[in-house]
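2 protein chains.
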Amino acid sequence: MNTIITPWEVKGCVDYDKIVKDFGVSRIDETLLRRMKKITKKLHCFLRRNIFFAHRDLGFILDEYEKGNKFFLYTGRAPSGQVHLGHLIPWLFTKWLQDKFDVELWFQFPDEEKFLFKKDVTLEDTERYTNENMLDVIALGFNPKKTHFLIDTKHAGIMYKEAIKVAKLINFSVAKAAFGFTNEQNIGAIFYTSMQAVPAFLPSVLYKKKIPCLIPHAIDQDPHFRVTRDVIQKVGFSKPASIQCRFLPGLGGMHCDGKMSTAAGETTTIYVTDDAKTVKDKINKYAFSGGKDTTEEHRKYGGNPDVDVSYQWLTFFEEDDKKLQKIYHSYKSGALLSGELKAILIEKINAFLKEHQKKREEAKDKVDLFIYKPNK
Amino acid sequence: MNTIITPWEVKGCVDYDKIVKDFGVSRIDETLLRRMKKITKKLHCFLRRNIFFAHRDLGFILDEYEKGNKFFLYTGRAPSGQVHLGHLIPWLFTKWLQDKFDVELWFQFPDEEKFLFKKDVTLEDTERYTNENMLDVIALGFNPKKTHFLIDTKHAGIMYKEAIKVAKLINFSVAKAAFGFTNEQNIGAIFYTSMQAVPAFLPSVLYKKKIPCLIPHAIDQDPHFRVTRDVIQKVGFSKPASIQCRFLPGLGGMHCDGKMSTAAGETTTIYVTDDAKTVKDKINKYAFSGGKDTTEEHRKYGGNPDVDVSYQWLTFFEEDDKKLQKIYHSYKSGALLSGELKAILIEKINAFLKEHQKKREEAKDKVDLFIYKPNK
Numbered sequence: 001m002n003t004i005i006t007p008w009e010v011k012g013c014v015d016y017d018k019i020v021k022d023f024g025v026s027r028i029d030e031t032l033l034r035r036m037k038k039i040t041k042k043l044h045c046f047l048r049r050n051i052f053f054a055h056r057d058l059g060f061i062l063d064e065y066e067k068g069n070k071f072f073l074y075t076g077r078a079p080s081g082q083v084h085l086g087h088l089i090p091w092l093f094t095k096w097l098q099d100k101f102d103v104e105l106w107f108q109f110p111d112e113e114k115f116l117f118k119k120d121v122t123l124e125d126t127e128r129y130t131n132e133n134m135l136d137v138i139a140l141g142f143n144p145k146k147t148h149f150l151i152d153t154k155h156a157g158i159m160y161k162e163a164i165k166v167a168k169l170i171n172f173s174v175a176k177a178a179f180g181f182t183n184e185q186n187i188g189a190i191f192y193t194s195m196q197a198v199p200a201f202l203p204s205v206l207y208k209k210k211i212p213c214l215i216p217h218a219i220d221q222d223p224h225f226r227v228t229r230d231v232i233q234k235v236g237f238s239k240p241a242s243i244q245c246r247f248l249p250g251l252g253g254m255h256c257d258g259k260m261s262t263a264a265g266e267t268t269t270i271y272v273t274d275d276a277k278t279v280k281d282k283i284n285k286y287a288f289s290g291g292k293d294t295t296e297e298h299r300k301y302g303g304n305p306d307v308d309v310s311y312q313w314l315t316f317f318e319e320d321d322k323k324l325q326k327i328y329h330s331y332k333s334g335a336l337l338s339g340e341l342k343a344i345l346i347e348k349i350n351a352f353l354k355e356h357q358k359k360r361e362e363a364k365d366k367v368d369l370f371i372y373k374p375n376k
Numbered sequence: 001m002n003t004i005i006t007p008w009e010v011k012g013c014v015d016y017d018k019i020v021k022d023f024g025v026s027r028i029d030e031t032l033l034r035r036m037k038k039i040t041k042k043l044h045c046f047l048r049r050n051i052f053f054a055h056r057d058l059g060f061i062l063d064e065y066e067k068g069n070k071f072f073l074y075t076g077r078a079p080s081g082q083v084h085l086g087h088l089i090p091w092l093f094t095k096w097l098q099d100k101f102d103v104e105l106w107f108q109f110p111d112e113e114k115f116l117f118k119k120d121v122t123l124e125d126t127e128r129y130t131n132e133n134m135l136d137v138i139a140l141g142f143n144p145k146k147t148h149f150l151i152d153t154k155h156a157g158i159m160y161k162e163a164i165k166v167a168k169l170i171n172f173s174v175a176k177a178a179f180g181f182t183n184e185q186n187i188g189a190i191f192y193t194s195m196q197a198v199p200a201f202l203p204s205v206l207y208k209k210k211i212p213c214l215i216p217h218a219i220d221q222d223p224h225f226r227v228t229r230d231v232i233q234k235v236g237f238s239k240p241a242s243i244q245c246r247f248l249p250g251l252g253g254m255h256c257d258g259k260m261s262t263a264a265g266e267t268t269t270i271y272v273t274d275d276a277k278t279v280k281d282k283i284n285k286y287a288f289s290g291g292k293d294t295t296e297e298h299r300k301y302g303g304n305p306d307v308d309v310s311y312q313w314l315t316f317f318e319e320d321d322k323k324l325q326k327i328y329h330s331y332k333s334g335a336l337l338s339g340e341l342k343a344i345l346i347e348k349i350n351a352f353l354k355e356h357q358k359k360r361e362e363a364k365d366k367v368d369l370f371i372y373k374p375n376k
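For the protein sequence lines, the chains are A and B, in the order given. Residue numbering for the first sequence follows the numbering used here, starting at 1 and increasing by one per position. Residue numbering for the second sequence follows the numbering used here, starting at 1 and increasing by one per position.
It should be emphasised that the hints constitute simulated quantities derived from the structure, not laboratory data. There could be a bad hint or two in this list.
Same chains, same label: a pair holds when it works inside one copy or across any pair of copies.
[Stated by the list, open to error] Lysine to any residue pairs mimicking SDA-like chemistry, simulated, CA-CA at most 20 Å apart: (1) Lys119 <-> Val174; (2) Lys119 <-> Gln233; (3) Lys161 <-> Asn131; (4) Lys373 <-> Gly157; (5) Lys118 <-> Ile19; (6) Lys234 <-> Ile211; (7) Lys161 <-> Val121; (8) Lys239 <-> Leu369; (9) Lys119 <-> Ser173.
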């Protein structure tokens, strides 16, 4: 596998080495991978391919697990429009962790976050997004008996009291440094990180015992948990561990900002509700190609899978290492043309989305099973 | 009455003229007093004596009331130890307003405030204080059918969503200017004013119609409501009106900080749970006297009721204007000695506290009637 790891690394503007250094997270090393494999039998392809590439205190989580002290998982989604494929990456991995370790998942929908941070987003917007976004999470197949949704404005009755315990320990200077606030930032946004901290210890409060917490998340959320980790022991709980993934690149390629984003619009994003034709058209039209300009040149010199978005996406969605490796070499040698590579991706994504959309419909009857009931 | 109003003004460090100017509140003038009297038949002695001396938009509240559009009252208590006589002043007046105007009262117990602003106060402390403080409010005889207690950590389920609407409109610069924050202030304390804003419009949210709000409060709380007033129209509600009172001076006299305070300790404060002997001892020992050093001198030159704390307290607790006026002149002339004046005050306070303590005991069975139930 060693020789194949490199191609799956995202190049471009997002410099993951710099992130590891700047954020102070650790690379997931061979020792940790071996320990994970011992427990899970087979590593998820996101681990094999270094898509989940960094962590904090993952060793502690495994130590505790081996002692029989199970952790719980915490991740979330700030409701803010339609879910796209990039959002699914940490959730798919979280689902795998839940299955393999048989643990609870606390899934936060901080429905105030985008309202507080974006001028034009209303609470009516975020309520609508929350209802939509919950369907996509449920569709991934989480265990309803072990999965609890927390919606900040609806669960504030149990969350606010915990949030202020954290808030008392974080001053404006710290928040300013972690999030780049100015004095013009509103006081709700300044407070918000306290609410994001809560699910990292709320289960310990509710179950009246200390339970280790593992947070799978995209690397951009790390500042929140870094701040949480700095103060949480003073509140009486262990630092949450975390495991971080790279971004699924936008269709436009890794020379842009490296992260799929709704804000960047249609040309870079595939939504989970896109139909098969839309997916096909978007990929054919917008997916940045690592191929040569003419078929002749491509056959002669070969394509570059390292910058080809279709290939990069397959590293996220094609679970079979052998198939993927074959595609890599075939494209690099020039045997596989760009159009053919796109066709492979289109088929893969559409098969995935067909299933997702079916389960998303079925999810509409299941929402209530997932929303945490404080009194149950 | 005009000639007697002046002696009831508090002199000393607290310069109410400066406060009126600096805070931008308005003095309650004769026109407003006449309008209040027309509705209430007889003015409360706190109005006759200029103890409630300032307001914002009181005219608007009376306009609406006369049009048949009733307001609701909002006041509160940040749980932080035992209630003393000074705390009762706005509440006694609020009770009078509820009776005369037959309106709802929303009484907030922001049990996070002191936790967030004082290093050594825990949430266990504030919970205990809340339970104690509620008894003192109930003991004053508020109508349980028209009085709703809001306890921030317990009612956050309905309050947080409203608080963030306000918070989005207040930036750190504004909070800094209003409350004198530094960058070392914690982010919970910075957010807090949003929670104090909520009861000013929560009834309008819950009843789904705009209801004017009148906030009776001691003048030191004005900055919170000033900030609220600046943004609340953008949330869709009218600016809350307010009516402000002077402080009951501490036993040590008006040459100190002019406000009774638990922090200043036993020598300046009478708690509502003090027994008759304690009250007697404290007043005899600590109440600053405006009398002369010897009986002879006092008889000859007379006492000074304007600085005498016992007399000043009677302006708050002796409702009968004629009795009060007689005491004033009698003390000023030297006919009434300091010890005798203290004896009058001791009797008055102990009669009041005997009744209060009885009702406080009875209140223990009534707490649940007062706590707001979101689902009822």
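If the cutoff is 20 Å on CA atoms, where do lysine 234 and isoleucine 211 land: within, between, both or neither? Let me know, please. So lysine 234 and isoleucine 211 pass the 20 Å test inside one copy only (16 Å; across, 43 Å).
Go through the copies and call it for lysine 161 and asparagine 131: within, between, both or neither, with a Cα cutoff of 20 Å. Intra 25 Å, inter 17 Å, cutoff 20 Å: inter-copy only.
20 Å Cα cut-off: does lysine 118 pair with isoleucine 19 within a copy, between copies, both or neither? Intra 25 Å, inter 37 Å, cutoff 20 Å: neither.
At 20 Å max between alpha carbons, let me know whether lysine 119 reaches serine 173 within a copy, between copies, both or neither. between (23 Å within a copy, 18 Å between copies)
Regarding lysine 119 and valine 174, is the shortest C-alpha distance of 20 Å or less found within a copy, between copies, in both, or in neither? Classified as between: cross-chain Cα gap 18 Å, same-chain 24 Å, threshold 20 Å.
Within a copy, between copies, both or neither: where do lysine 161 and valine 121 come within 20 Å Cα-Cα? between (26 Å within a copy, 14 Å between copies)
Could you place lysine 119 and glutamine 233 in one of the four classes (within, between, both, neither) given a Cα distance threshold of 20 Å? between (34 Å within a copy, 17 Å between copies)
At most 20 Å between C-alpha atoms: does lysine 373 with glycine 157 qualify within a copy, between copies, both, or neither? both (11 Å within a copy, 13 Å between copies)
Intra- versus inter-subunit Cα pairing at 20 Å for lysine 239 with leucine 369: neither (29 Å within a copy, 41 Å between copies)
Taken one by one, the earlier hints fail for this structure at numbers 5, 8, listed in ascending order.
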